[in-house]
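Once you have looked at the hints, place chain B on chain A.
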Amino acid sequence: MAHVLSVHDLSLAFPGVQALSGVDAEFRTGEVHAVVGANGAGKSTLMKVLSGVYAHHTGEIRLDGRPVRIARPADARELGIDIVYQEVDTALVPSLSVAENIALDWLTHGAGSRSPWVSWRAVHALAKRALSTLGVEIDVRRPVHSLTLAEKQLVLIARSIVEKRRFLILDEPTAALSRQETKELFRVIRELVRRDQLGVLFISHRIPELYEIGDRITIMRDGQVVASTRMQEIAPDAIVQAMLGKALSPSRMPRGTKPTSAQAPHVEIRNLTDRFGKFHDVSLYAHRGEVVGIAGLVGAGKTELCRAMIGARPIARGTMAVGGQAVALRSPSEAIRKGIALIPEERRKEGLWIEESVAHNLTIAALDALSVFGVVRPREVERQSDRMAKTLSIKTPHVGQRVAFLSGGNQQKVVIGKWLMRGADVYLFDEPTKGVDVGAKQEILQLIRRLADEGHVILYATSEFSELLQVADRIYVLYAGNVVKEMSTAEATEASLLYHATGGV
Amino acid sequence: MKRDGTVQWLSFFSKWGVLIAIGLLVGIFALLLPAFLSPSNVISILRSISIVTVIAIGLTIALAVNGLDLSIGSTATLASSLIVSFFVWYNLPFGLSFALALVLSLSVALVNVLLIVKFRIPDLVATLSTMFIFEGIAMTYTGGGSISEGMPRLDGTPTYGKIPALLKTLGQVPAIILIMFAAVIVVHFLLQHTKYGRLMYATGGNMEAARLAGIPVNRYRTLAYVLSSFFAALGGILIAARIGSAQVNAGAGYLMPAVAAAFIGFSFAGQGKPNAIGTFAGAVLIGVLENGLVMMSVPYYSMNIVKGSILALALASTYWHQRP
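Residue numbers (the numbering used here), protein chains in the order written: chain A, 1 to 505; chain B, 1 to 324.
Okay, chain A solo, but in the shape it has when bound (with noise of 0.2 angstroms):
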């Protein structure tokens, strides 16, 4: 008999951000129904609340038409829903293996935590058995940490199926599998639904691939549920409508010098490949006074390029060429003496020095400049710092106040000021705008845009598509590792850019 879960009139706040209110959904048994919606339409939350992890909303969750009350993760298991999510490695102890991790929850509150031994007999025959209901072959002697992504993955599932399930949530569990591991994926998750009768929530920016394994869609935005449907009842370009609603047409930011097209392109890139496989075969170009912007979700591979780029990451194969001469991509030091720059995507972890002050972390890449005979000169890093903090407004009382205590978008223009202040030729943006605030965020695309008016070369990177429509002249579409799409910004829409970032069918 099939199950259904439904939530009615659902509502969830944090300080701040009203993040679900008012969704009404159902999910049966039996079936794979996507959930889909931009950045921030509430879809992972919305999984959160029905595996637990948010307790504190309105509203009402009914399993069979009866209340249920999900307060804890271990209610929803107990419930029968499990959820997988995307950063799989939080979810596994990498040094045990593959039988250990599937038996995880079995051993520690399932029947293997009543005896204090562990039958190592049965942990495998467990794990063994659990693979062999998805089809799989690993062996479970293997450390979890010599698995690929979409193994790790399939442990994961492993381990929920291993207690009897009715829900299964995967949470953008393609964003970052090959082709040929997305197919073993949906042979898995179709031989779940189709024989153990298992309900599955697929979360995927992927909308081609929604078509191949999906029944039904649920589509969010701005935290309403906007439309829930037969998968087959509704089109591609449908579904990127209701993601992005009414389109917020944002100003245009023209640009300033106008191309002469004799030019060479400054930067070209030929058929850069990753060697680990997270992008094939990009070429790219892009002139002096240029936005050039890489658009592309979540796992489409952008960071990955961008480290490529300035040699933080290896490649397989391809040449990058700054002003008609070859970089070799081997470290980052090298490539900032040719003049490329990276603003990195994760600041605080790779762009930043938290704990020291503005002026440091303004200066530390340009001390060369500040220094004689290998003495800084503290009273020129003082008035340089000063001076960066003012040019770019950063708000801080004075540049001997620790980074730590400034906003995120302050923070983004020290960043930004640390490159500046050495000057560079090529600014590589990876993600400029996350977690900053809307008002350091038209400040930063402006200066972006001020950056290219003066002859720099911008390669802009993000899955924020209507900042690319306000400051790009150009973009390439970054599709699984792929460039798919170049265009004009002229010609570019943010349903256009959405179609071909989700694969374009």
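No wet-lab data here; the hints were simulated from the structure. A few of these clues could be false.
Straight line, CA to CA, 25 angstroms or less: simulated BS3-like cross-link-like pairs of lysine-lysine [claimed, not checked]:
(1) B:K273 - A:K349
(2) A:K349 - B:K118
(3) B:K195 - A:K338
(4) A:K349 - B:K168
(5) A:K441 - A:K390
(6) A:K395 - A:K441
(7) A:K183 - A:K390
(8) A:K128 - A:K183
(9) A:K349 - A:K434
(10) A:K434 - A:K390
(11) A:K395 - A:K434
(12) B:K273 - B:K15
The following residues of chain A were derived to be distant from chain B, with all beta-carbon distances above 12 angstroms [said to hold, decoys possible]:
(13) K183
(14) R275
(15) V372
(16) R387
(17) K395
The beta-carbon is built from N, C-alpha and C at its ideal position, and this holds for glycine as well.
Positioned in the frame of chain A, the structure of chain B alone reads:
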């Protein structure tokens, strides 16, 4: 408001705790022991901490790149064995012996760098293994025994080499204290006022950010381990100068006090990171405590209880209020 007050007090204590502790100890010992503040005793304290300080100063540089060097004790042993053997066994001139002992001891750094930078072994365990390796090499070199003037070589042939007076002078006041101050000042200047120091701290503070900022992090890590070994070797030569011979495992006893001094110095003046002046203050704290307790007839074998407790307290004050 009250909470703010408490927080301010705590941060004041963690900033100046080392100096307050030194002041308190000096006050107490001066009250109890009339001879404690006599010039000769003050000099004796400084002399007693000079070798630890020189070795700890090197460790401070390794810590600045967020590395730990446990091989410094063995490096000191190796340097002291080498320099004494050059004099006694081979009758080499002073300058050559001194330079050779320093340079050969840097081989420890090369192995450390190979293990840590190239093979990416965590610093703690990598230098733990080089600690054993070079302790063994030094012992094998000396045949498991000590070397002093007039002692025959390993093969039994007699020796006629003398330990030069100049070396012995280096181990006496004032030279040994001046060397210590010079080491502290030079490294303070290196870390605080030069580009290289800034980039070492940048490497230690956030290696990924440093790498993406184009800082050749491996070069600075290498430099830091080389300097760490250099100062440990210098400390080893001072040990030989002080005792006039090469003793088995002479440097081993300096490892823990040096680690303690450097870690006690972290919180000095609110820096929250390894620094030369703080390391010196840490060494002074340990030296004052040791000297006073000896004068109060606390047996030497109980001393480590006190030293260990001081280290624990200092670490607590450094890490206690740190939150991610």
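* To do: Hints the structure violates: just list their numbers, smallest first.
  => Going through the list in order, the structure violates hints 4, 7 and 15 and respects the others.
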